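Participant: Top line first, the protein sequences correspond to chains A and B.
Okay, so the first sequence: first residue is 1 according to the numbering used here, each after it adds one.
Okay, so the second sequence: first residue is 1 according to the numbering used here, each after it adds one.
What the hints contain is simulated information worked out from the structure, not anything from laboratory work.
Watch out, some of these pointers could steer you wrong.
[What the hints assert, rightly or not] Pairs of lysine to any residue residues, derived as SDA-like cross-links and limited to a Cα-Cα distance of at most 25 Å, are as follows:
no.	chain 1	residue 1	chain 2	residue 2
1	A	Lys51	A	Leu21
2	A	Lys44	B	Ala87
3	B	Lys70	A	Arg109
4	A	Lys54	B	Ala87
5	A	Lys44	B	Ser76
6	A	Lys41	B	Ser12
Computed from a predicted model, the values in this text were never measured in an experiment.
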Amino acid sequence: EAGVTQFPSHSVIEKGQTVTLRCDPISGHDNLYWYRRVMGKEIKFLLHFVKESKQDESGMPNNRFLAERTGGTYSTLKVQPAELEDSGVYFCASSQVYRGEQYFGPGTRLTVT
Amino acid sequence: AQTVTQSQPEMSVQEAETVTLSCTYDTSESDYYLFWYKQPPSRQMILVIRQEAYKQQNATENRFSVNFQKAAKSFSLKISDSQLGDAAMYFCAYPGAQKLVFGQGTRLTINP
Numbered sequence: 001e002a003g004v005t006q007f008p009s010h011s012v013i014e015k016g017q018t019v020t021l022r023c024d025p026i027s028g029h030d031n032l033y034w035y036r037r038v039m040g041k042e043i044k045f046l047l048h049f050v051k052e053s054k055q056d057e058s059g060m061p062n063n064r065f066l067a068e069r070t071g072g073t074y075s076t077l078k079v080q081p082a083e084l085e086d087s088g089v090y091f092c093a094s095s096q097v098y099r100g101e102q103y104f105g106p107g108t109r110l111t112v113t
Numbered sequence: 001a002q003t004v005t006q007s008q009p010e011m012s013v014q015e016a017e018t019v020t021l022s023c024t025y026d027t028s029e030s031d032y033y034l035f036w037y038k039q040p041p042s043r044q045m046i047l048v049i050r051q052e053a054y055k056q057q058n059a060t061e062n063r064f065s066v067n068f069q070k071a072a073k074s075f076s077l078k079i080s081d082s083q084l085g086d087a088a089m090y091f092c093a094y095p096g097a098q099k100l101v102f103g104q105g106t107r108l109t110i111n112p
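Only chain A is shown next, with the shape it has when bound in the complex (with noise of 0.2 Å):
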């Protein structure tokens, strides 16, 4: 079974410019999350789907940050235009069951220049 697959692993982008995180769950697992770590800091819940419906967006830092999950499968995080303080590594969990174990994508570590 394929585990939580990530796109890009890295990515470096000049202040102002847009950029796309994608996510691939793991199958069938209903819930998706993403969530950030900015560097030295914890790790914080950005907005959880349910299918493709969100269902909690409440740490999404502000409107530049638009996510999508379209037919419930795979999700993108779109940041538009991103700021300096935009940086660190985004990462994407899936579960099969409401607060069961998550599991972890490899994270996408964007730099904003």
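Since chain A is already given, all that's left is putting chain B on it; use the hints.
Facilitator: Using the frame of chain A, we list chain B on its own:
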């Protein structure tokens, strides 16, 4: 709201020795899980061990075990016979509504 606290930003241990990483949490719930995740330099977050709050027996996974004190809301991780491959960031996590709540992390260094 649930909170998770790891008070040890960094820990180090000699190879083959035992180390304990601390974690405390706060919740008003009575039935829940607790997790320890490991993030090695490869960046992949890996579940190390989980504890179900209704179970009094401490969870064990090979060299990893926990000391779960429900009344004290404490959930420490013990690594026995430390190996070089155990070097990583370790995160304690509580599965709150809709999301995992993480502690600040503890960076564990293994000295050969």
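Participant: So, for every hint listed, does it hold in this structure?
Facilitator: Structure-based check of each hint:
| no. | hint | in the structure |
| --- | --- | --- |
| 1 | A:Lys51 x A:Leu21 | 18 Å, holds |
| 2 | A:Lys44 x B:Ala87 | 22 Å, holds |
| 3 | B:Lys70 x A:Arg109 | 36 Å, violated |
| 4 | A:Lys54 x B:Ala87 | 36 Å, violated |
| 5 | A:Lys44 x B:Ser76 | 21 Å, holds |
| 6 | A:Lys41 x B:Ser12 | 20 Å, holds |
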